[in-house]
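Colleague: The primary structure of each chain is shown beneath.
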Amino acid sequence: MDKLKKLQEKVNMIFTKCDHQAVLKKSVGEGPEQILKKLMASSLRGRGGAGFYTGLKWKFAKEAQGNKKYVICNADEGEPGTFKDRAILEQVPEKVLLGMAICACAISSDEGYIYLRGEYNYLKRKLQAVVDKFNNDIKSIMDFNVKIFSGSGAYVCGEETSLIESMEGKRGEPRNKPPYPVVSGYLGKPTVINNVETFVYAGMIMALGPQKFSALGTGDSKGGKVFSVSGDTPIPGIYELELGMTLEEFAELFGDGDTKAVQVGGASGFCVPRKNFKDTIIAFEGIPTGGSMMLFNSSRSMYNVLHNYLDFFCEESCGQCTPCRTGCQQLKKGIEAVKSKSKTPGYLGQLQKMSKTMQIACKCGLGQSVPNSFNSIVENFREEIIF
Amino acid sequence: MNIQTQIDELIKTHGKERKALMPILQDLAKQNRFLSKETLQYIGIKMDISAAEVYGTASFYSFLDITRRGENVIRVCKTISCDMKNKQLIVDTIKKRLNIGVGETSHDNKFTLLETNCMGHCHEGPVMLVNDDIYTNLTPQKTLEIIDKYSRG
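Taken in order, these protein sequences are the chains called A and E.
Plus 4 on top of the position in the first sequence (first one is 1) and you've got the working numbering.
Plus 48 on top of the position in the second sequence (first one is 1) and you've got the working numbering.
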């Protein structure tokens, strides 16, 4: 327990207090070039899961042509096992807004949105009050106004282009990329979309300097990360830890002594079996995560876990592209058939082959990442799927 | 207020551009508990988009109901973390108490029971939403008390 506390204290950036007015004043005073320089120096990568360099994203949006630009905070946290964005919005909403305002200064935007998932509607009233106060407080510093946009219960809207479609009043179906949102986003204007946690880190990098951030983590994965820990653990909850930890260390800290596997990155992430804990690190070089860390002990059937994930994907696939729409259904039907012995175990090989097609042919990250959990579970827990 | 007046009012508040569609649908779903065929058609006329487009948008989102729901909509999380915490026991408790299945509405139109995907409370499962309120660390006893509270209210 003490060890865990020490590891948390080593990072401790997200949930701390911060004089957001002063930091914003300083950043606006220094100007866009300096903001981007600091952000690039920090090597901050997006905390939603994909891990694109935040400094680069803001730079592209700054350079994009347009008389109007938008800053959007992606709070459509829907990945199974993730709940850290909710905690951040509940505990330090001003710091999220600070990050958004700094971004607005860097790319010359005057309008921002928080896309809050429908499941978090109960947060809205309190958050609205904070947003109103913030909008008012920064009037003397810069011209920037934030609004809250509510989602309506669609996982795929966490994908940035579906999020935009949804804000434009359409079905949340992903767009073809390019053009990327930094060039043509909300209403066709250059738009930066970042995860809740990314904005907070961006703000803290301005407050504490990029060195404090980049001193943490590994070569390709600087800084800390907020983890949502659930499943078979005596201490489920939210923990901010340094990136680069091995799963062995993780299981030691959070496991119940009987950890058989850890699902890193939620339903769209990878399942790591105990035998690989030692050699797997939680980072972009190893297995990245948007925050979701689920532990399974030996009492759990990995067939049930996989079936639950596939069920999830069948429902949440937007249905726009065939590989995803049909693929998810076929994978689910396939493992059901193998389990009930109406197909031979060899059929799993065919399903894996099909999942490779999904990886290549699906239009967005949802379909492309279904094979992650499918293959990692089928490969490592084949007997549990068959028998 | 009849539905057409409601829509006219909402268009006054949110505007009639396409980007206003989601907030308008959300408010209507909240006020009327679902979006009827007439509602969707009238929005189409007023906002100058085809009724099919309005229907297409509404039917995409799980929180924009296009079938009639009860006064209170119960959504129990069915994703793996809550499943491991035995959400089935909670679903069974509600089913038995209200005498309805998942996806059904009680005869007195008080409750609709649904299962939904991850609600972001995986460390305190099982969880459920009743309308916009979240309830965590559920036990059968706690669940029954919550349902009683809504039956009275």
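A portion of the hints provided could be inaccurate.
[As the list claims (entries may be wrong)] Derived list of chain E stretches under chain A, where covered just means 3 residues or more per stretch with a C-beta under 8 Å from a C-beta of chain A:
1. 103 to 111
2. 129 to 137
[Claimed, not checked] Below, in silico cross-link-like pairs of lysine-lysine (DSSO-like), each with a Cα-Cα straight-line distance of 30 Å or less:
3. A:K151 - E:K158
4. E:K143 - A:K151
5. A:K357 - E:K60
6. E:K158 - A:K193
7. A:K264 - A:K21
[What the hints assert, rightly or not] Partial chain A-side listing against chain E, Cβ under 7 Å, derived:
8. E81
9. P84
10. G157
11. G235
If you are wondering where the hints come from, they were derived from the structure by calculation, not from laboratory data.
Each residue gets a CB set at the ideal place from its N, CA and C atoms; glycine is no exception.
Colleague: Look at each hint and say if it fits the structure.
Modeller: Status of each hint after checking the structure:
1. 103 to 111: holds (count 6)
2. 129 to 137: Answer holds; 3 residues pass the 8 Å Cβ test.
3. A:K151 - E:K158: Distance ~34 Å between K151 (chain A) and K158 (chain E) Cα, so the pair is violated.
4. E:K143 - A:K151: Violated, at roughly 39 Å.
5. A:K357 - E:K60: violated, 53 Å
6. E:K158 - A:K193: violated, 45 Å
7. A:K264 - A:K21: violated, 38 Å
8. E81: Given a least distance of 6 Å, the restraint on E81 (chain A) holds.
9. P84: With a closest approach of 4 Å, the P84 (chain A) hint holds.
10. G157: Holds, about 4 Å.
11. G235: Since chain E brings a Cβ to about 6 Å from G235 (chain A), closer than 7 Å, the hint holds.
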